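J.: Fit chain X with the ligands to the known structure of chain P by using the hints.
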Amino acid sequence: MFLISMLIWATALLGAVMTVWALAWAVQRGEFRNLRQGAASIFDAGEPIGQQTDFFPGAKR
Amino acid sequence: MMSLPEGPNESKLQQISRIRIDDSSRVPVSLWFASSVFWLLMGSVAALISSVKMHNPDFLGNIEWLTFGRIRPVHLDIVFFGWSSMAAVGCLLWLQARLCHVRLPWPLLLSGLAMVWNVGVCVGVMAVLAGHGSSIEYLEFPAYCAPFFAIPALGVLAANVKMYVTKESQHTYVSQWYLLAATVWLPILYVTAMGCTYFGLVQGVSQAITNWWFGHNALGLWVTPIAVATAYYLIPKVTGKPVHSYHLSLLGFWSLAIFYNWAGTHHLTGGPLPAWTITVGVVGSMMMFIPVITVAINHHMTMRGVFHMLKTSPTLRFTVFGSVMYTVASFQGSLEALRSHQEITHFTQYTIGHAHLGLYGFFSMIMFGAMYYIFPRITNNEWSSARLIKVHFWGSSIGVLAYGIGLCWAGWWQGVMMNDPAIPFLDTVAYIRPYLIMRSVSGTGMTIAHIAFAISVWRILSRHHFVMSGPTLFTTTRPAWREFVNEQEKREQAELEAQS
Ligand code: HEM
Ligand code: HEM
Numbered sequence: 028m029f030l031i032s033m034l035i036w037a038t039a040l041l042g043a044v045m046t047v048w049a050l051a052w053a054v055q056r057g058e059f060r061n062l063r064q065g066a067a068s069i070f071d072a073g074e075p076i077g078q079q080t081d082f083f084p085g086a087k088r
Numbered sequence: 007m008m009s010l011p012e013g014p015n016e017s018k019l020q021q022i023s024r025i026r027i028d029d030s031s032r033v034p035v036s037l038w039f040a041s042s043v044f045w046l047l048m049g050s051v052a053a054l055i056s057s058v059k060m061h062n063p064d065f066l067g068n069i070e071w072l073t074f075g076r077i078r079p080v081h082l083d084i085v086f087f088g089w090s091s092m093a094a095v096g097c098l099l100w101l102q103a104r105l106c107h108v109r110l111p112w113p114l115l116l117s118g119l120a121m122v123w124n125v126g127v128c129v130g131v132m133a134v135l136a137g138h139g140s141s142i143e144y145l146e147f148p149a150y151c152a153p154f155f156a157i158p159a160l161g162v163l164a165a166n167v168k169m170y171v172t173k174e175s176q177h178t179y180v181s182q183w184y185l186l187a188a189t190v191w192l193p194i195l196y197v198t199a200m201g202c203t204y205f206g207l208v209q210g211v212s213q214a215i216t217n218w219w220f221g222h223n224a225l226g227l228w229v230t231p232i233a234v235a236t237a238y239y240l241i242p243k244v245t246g247k248p249v250h251s252y253h254l255s256l257l258g259f260w261s262l263a264i265f266y267n268w269a270g271t272h273h274l275t276g277g278p279l280p281a282w283t284i285t286v287g288v289v290g291s292m293m294m295f296i297p298v299i300t301v302a303i304n305h306h307m308t309m310r311g312v313f314h315m316l317k318t319s320p321t322l323r324f325t326v327f328g329s330v331m332y333t334v335a336s337f338q339g340s341l342e343a344l345r346s347h348q349e350i351t352h353f354t355q356y357t358i359g360h361a362h363l364g365l366y367g368f369f370s371m372i373m374f375g376a377m378y379y380i381f382p383r384i385t386n387n388e389w390s391s392a393r394l395i396k397v398h399f400w401g402s403s404i405g406v407l408a409y410g411i412g413l414c415w416a417g418w419w420q421g422v423m424m425n426d427p428a429i430p431f432l433d434t435v436a437y438i439r440p441y442l443i444m445r446s447v448s449g450t451g452m453t454i455a456h457i458a459f460a461i462s463v464w465r466i467l468s469r470h471h472f473v474m475s476g477p478t479l480f481t482t483t484r485p486a487w488r489e490f491v492n493e494q495e496k497r498e499q500a501e502l503e504a505q506s
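Protein chains in written order, with the working numbering: chain P, 28 to 88; chain X, 7 to 506.
Since the hints were derived computationally from the structure, they do not count as laboratory data.
Remember, predicted model here, so these are calculated numbers, not experimental data.
Don't be surprised by glycine CBs; every beta carbon is placed ideally from N, CA and C.
There's no promise every hint is true.
Partial chain X-side listing against chain P, Cβ under 10 Å, derived [stated by the list, open to error]:
{"no.": "1", "residue": "L19"}
{"no.": "2", "residue": "V171"}
{"no.": "3", "residue": "L207"}
{"no.": "4", "residue": "W268"}
Bound conformation, chain P alone (with noise of 0.2 Å):
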C-alpha cells in the first residue's frame, strides 16, 4: 500500500524530470539563442510591428 501511495509522488517526479529533460533539449537544440528575433517571430511583412490587428465591429480606424 505504501509503494503504491508513492505513486502519485513517483509520477510528479516523473513529470518534474521530463520538464528538466526537455529544457535541456531545448537548450541544446540552440532553442534560446537569438531571443530578441524569437519575439519577433510572430509579425511578418503582411502584419507587421506597429499595425493594431484587432478592432470592435463597425468602428471607425
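T.: Chain X with the ligands alone, transformed into the frame defined by chain P:
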C-alpha cells in the same frame, strides 16, 4: 477581380499562407468553440440554481436530481470539462497551427473528437444528476465516461505534436512551450488519476492526495498554460508590439513547468496528511511567485504606451483583463496556501471567490478575448454587433469582480467568526447570507453576458449577418486576399494532379 494590396511578394505569400492556415481550422475549431459556448450557457443555469439554493434552500428543494449535492458538481463539471476544456482545445489547435505555420492536420478526426468529448460531458452530467456521481471533486463523472475524455485528449496531443514536428517556422515561440506542456500533461493526469481512484489503487488519504494532485494540475498545467499562451500571443499581436522581455517569458514558462506540479497538496492543508506532504505543497505555491511575477511584468510592460487600444479592441479588453486577474488570483493563491491563512479561509466562501477570480476572471476572460479574435478569422465573417460585445464585457467583468471580491471579503470574516467559539454557528450563516444573495445577482449579470456572447457566436456562425469586410477583419487584408488564396489553391491542386 479585386486588386491586391501593394507590397513585396514575400508579404503577399505570408498573408495568403496565414489565411489558408486559419481556413484549415474552420470546422474543428468552430466545433470545439461552439460546443464550449453551449456548455457555458448550461453551466450558468446550473450555477444560478446552486447559487440561489445557498440563500434559499427550499428553492427547487423537492426535486431530487436538482438537490445541491448534485447540481453543484454538475456546475463544476460542466464549466470545467464542457466550457473551459473545450474552449482551451479550440484555442490550442488554432494557435499551434498559426505558430507552426502549418495547416491543422486531421480536421475531420479533430471534429469527431469534439463530438466524442460532448457525448462524455452529456453522459457524465446525466449520471451526476441521477445520483451516480463519485463525490471526488473534478472526477465526479463515473468511470465509464473516462474514455470519452482520454481518447480525445490523446488525439489532441497527437495533432499538437504532429504540428510541432512538421513546423515550418524556425523558432519555437514561448506560447508553443505552454501548449505542448499542456497537452502532454492532460492525458497523464487524467489517466493516472482515474486509474488510481476508480480501480481502488489508492484509498483514504492517498485518494485525497491523488484527487488534488489531479484537480490542482488540471487547473495549473492544463487550462492555465493554454490561457497564458494565448495572452502571450494575442497581446503582442493585437497591439503590434513584441513581448517586452522574451527572456522573462521563457523563465516564466520553465519555472511554472517545474514548480506547479508540486503544489497540489495545498488544497488539503489541515487535513490528516503527513505534514511533509503539505509542506511540499506550500513550498511549491511560494515558488509560483516566480512565473507569476514574470508574466505580470511582461504583460504590463508590453501594454505600456498602448493602453488606449483597450478602447478600440474587444480582444485586447478581455485578454488584458484576464492577464491582470492572473496576477491577482495567483498572488492571492500563493498566500492562501500558507497554513496560517488556510486556518481561517479553508471552509469558507473565500475559496469559492478565489476559484472564480481564477477560472473566470483570468481563464474564461482570456478565452472570450481569443474567440473574439479567432472566430472572424476562421469564418471569414465579422461580428454582428459592437453593442453585444460591450454587454458581454461589462456584464462579465463587473459580475466576476463583484462575485470574487465580495466573497473573498465575506469569506475571510466568515472564517474569523467560525474560529471564534463564542460566536454561534448560525450567526455566521446570517452574516454570509446577504453576500450569497449578492452572488446570485452578479451571477445573473454574468449569465446575461453569456447570453449576449452566445447570440454573437450564433450569428457569426449561422451567417445571419454576413459581412466579409470590417475592422476586425482588416479591410485591407481578408476580402481582397480571398481570390488570391483560391487561386493559389487551384494552382496547387493542378500541380498535384499533374504529378499524379
Ligand atoms: C500561484 C498560483 C496559485 C496558487 C498558489 C493557488 C492556490 C490555491 C489554493 C491554496 C487553493 C485551495 C483553497 C482551499 O481549498 O482552501 C486554491 C483553490 C483553487 N484555485 Fe488556486 N491558486 C493559484 C492560481 C490559480 C489559478 C490561476 C486558477 C484558475 C485557473 C485557480 C483556480 C482555483 C480553483 C478553481 C480553486 C478551487 C478548487 C476547489 O476547491 O474546487 N488558482 N488555489
Ligand atoms: C454564471 C456565473 C456563475 C455563478 C453564479 C457561479 C456560482 C457557483 C456556485 C454557487 C458554486 C458553489 C459554491 C459552493 O459550493 O460554495 C460554484 C462553484 C464553482 N464554480 Fe461557479 N459560478 C458561475 C460561473 C462559473 C464559471 C464560468 C466557471 C468556470 C469557468 C466556474 C467555476 C466554478 C468552480 C471551479 C467551482 C468550484 C469552486 C470550489 O469548490 O472552490 N463558475 N460556482
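J.: Hints first: check each against the structure and report whether it holds.
T.: Now the hints, each set against the structure:
Interface restraint check for L19/X: the shortest CB-CB distance to chain P comes to about 8 Å, inside 10 Å, so the restraint holds. For V171/X, the interface hint is violated, since its Cβ never comes within 10 Å of a Cβ in chain P; the closest pair sits about 13 Å apart. The beta carbon of L207/X is positioned within 10 Å of a beta carbon in chain P (closest approach about 6 Å), and the interface hint is therefore held. The criterion of a C-beta within 10 Å of any C-beta in chain P is met by W268/X, whose closest approach is roughly 7 Å, and the hint holds.
Hint 2 alone, counting from the list given before, is not met by this structure.
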